[in-house]
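*Asks:* Chain by chain, the residues:
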Amino acid sequence: MRGLRLVLAVVRKELLLEWRDPSRLTGLLVFSAALTLLLAFAMPGVHVLPDVAAGAIWLGLVLASTRSLDQSFRTEVENGALEGLVLWPVPSLVIFHGKALANAIVLLLVAVPLTALVFVLYHPRMHGSVVDLGVVLTLGCMALAAPGTLVAAIATQARGSSALLPVLFFPLVVPVVLAATRATTLVLEGDPMDQVGAWVKLLLVFDLAHWTLDGLLFSRIVDEG
Amino acid sequence: MSGLRAHELSRRFGNRWVLVRVDLEVPAGEGLLLLGPNGSGKTTLLRCLATALKPHHGTATFEGTDLWAARHALRDRIALLSHATRLYEDLSAAQNLSCWAAMGDYRPDVPALLHRVGLDGTGSKPVRAFSAGMRRRLALALALVKQPRLVLFDEPFSALDPQGREVVGGVLDELRGQGATLVLSTHHASLGARFCTRAVRLEAGRIAWTGPAAEARDVVADA
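Residue numbers (this note's numbering), protein chains in the order written: chain P, 1 to 225; chain H, 1001 to 1223.
Just so you know, the hints here were simulated from the structure itself, not pulled from any lab data.
Accuracy of the hints is not assured; some may be wrong.
Subject to a maximum C-alpha distance of 16 Å in a straight line, what follows is the list of computed EDC-like cross-link-like pairs (lysine to aspartate or glutamate) [said to hold, decoys possible]:
# : chain 1 : residue 1 : chain 2 : residue 2
1 : H       : K1125     : P       : D223
2 : H       : K1125     : H       : D1076
3 : H       : K1125     : H       : D1090
4 : H       : K1054     : H       : D1066
5 : H       : K1054     : P       : D21
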C-alpha cells in the first residue's frame, strides 16, 4: 500500500510539472500533428491513406515519445533532482514505476488528439469499437513508456543524450510498434480471422516484461554509486 | 551510541584517487568542520557519507551501521545539502516541498518550514524566478523535511546574504539541539566553527590536519 502511495506521489509530481509548463505537452501535440500531416503528403495517393492510418498513429507516438522522455529526465538532471530522489527514502523501483506511469499518461494525452487527427486526415474505416481502440492505445503507450523510461535514465547520464536516446530506444520498441500497429489495423479495418486478441496478448506480454525487468535494471543504473 | 565513523575511506574517479584513506570520528550529536581548498575531496567525502557514492576502499558507519550496506534504510535519516539544490524549476516553493515530502511519505508542516527559512509569501512563483540565495534556503527547507539524524552540509553559507546566513545558523543550532550529528564543509571557517567541536582539513584527498574547530580559523588563515 505504501509502495502504491509513493508511486502515485511520483506520478503527481510528474503531472504537476507538465501542468506548470504546458508548453511541453503542446510541443508534443504540435510535433506529432505536423508529422502526421507531412506523412499524409508523402504518400503516393489519397487512396492509400486509410491503409496506413494505424502506422501513422504509432509512428507519431513513437517519435513524440522520444521527445517526451528526454524532457521528463531533463527536469531530473537540471538541479541534481535524480540523485536527490535516489537519496530520498523512496525505492528505485517506485521511481521507475512512477515515472513510467506518468510517461504513459502523457503519451495517452498525445494519442487521443493524434488519433482524432488521423481519422480526419486519413479517413480509416472503423470496424472495431472505440473501447477496443482505447485498449490497444493504452497497452501500446504503456509498452513504449516503460522501456523509454529505462533508456532515458541511461541516456541522461551520458554526453549527447538527445542522440543516444533514439539509438537505444528504437531497436528496443520495434516489436511493440509491430504488435501495436497490427492490433490497431485489425481494430480499424476489421478482424475476420479473429487475430486481434493474439496481438493484444502479445502487447500484454511486452507490458509485463518491460514493467518488471526494466524496473530492476533501472534500480541498478541509478543506484550503483 | 556511536555517531559517524569512517575508516580508511577512499574513492577514485577513473584512475585518479580523490579521497585517500580518510579516518573520521564524529560522536553522536556533535559537529565536524570540514576544511580544505577546492578539489581537496570535501564534496566527494560528503557524497560518500550521504551514500550517493560507493567507497572503493574502507568503510563508513553511522550509529554502528555500515552506511553503504544499509543505505536504503539509512537514507531516511541522512540529509545532504549540496551545490545541486534538487529543486524542480517549474514548481513553486510549497509545491517542491509537498511533492518531495509525498515521495518520501513524510507529512511536514510546509507553511511552517517555508516560514522557518524566510520563504513564506513566495506564493505560486516558480523556483525558476528565485534568486540563488532563495534557492539555497529552499534547499535547506527540503533537507529539514526528513528531520535528519545525520546532516551533511556542503558550503551551506554560499550565495547567502547576512540574513540568509542567520537563517542557516539558526537551523544548524536547532539541528544540534535535536541531537543530529553534523558534518559541515565550508570556506567560512569562523562561521562553521560555531556549530562544530572538531575540524579536519583535507588536502589532495588526505587528512592534512585535525584539531579543535576553534583552532581551525588559524589554520585556514594560514592557508
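*Asks:* Now, for every hint given, state plainly whether the structure supports it.
*Replies:* Hints, one by one, checked against the model:
For the hint pairing K1125/H with D223/P, the CA-to-CA distance comes to about 32 Å; that exceeds 16 Å, so the pair is violated. Between K1125/H and D1076/H the alpha-carbon distance is near 29 Å, which puts this suggested pair outside the 16 Å criterion. Taking the CA atoms of K1125/H and D1090/H, the gap is about 9 Å. The hint holds against a cut of 16 Å. Between K1054/H and D1066/H the CA atoms are separated by roughly 12 Å; this keeps the pair inside 16 Å, and the hint holds.
At roughly 36 Å between alpha-carbon atoms, K1054/H and D21/P are farther apart than 16 Å, so this suggested pair is violated.
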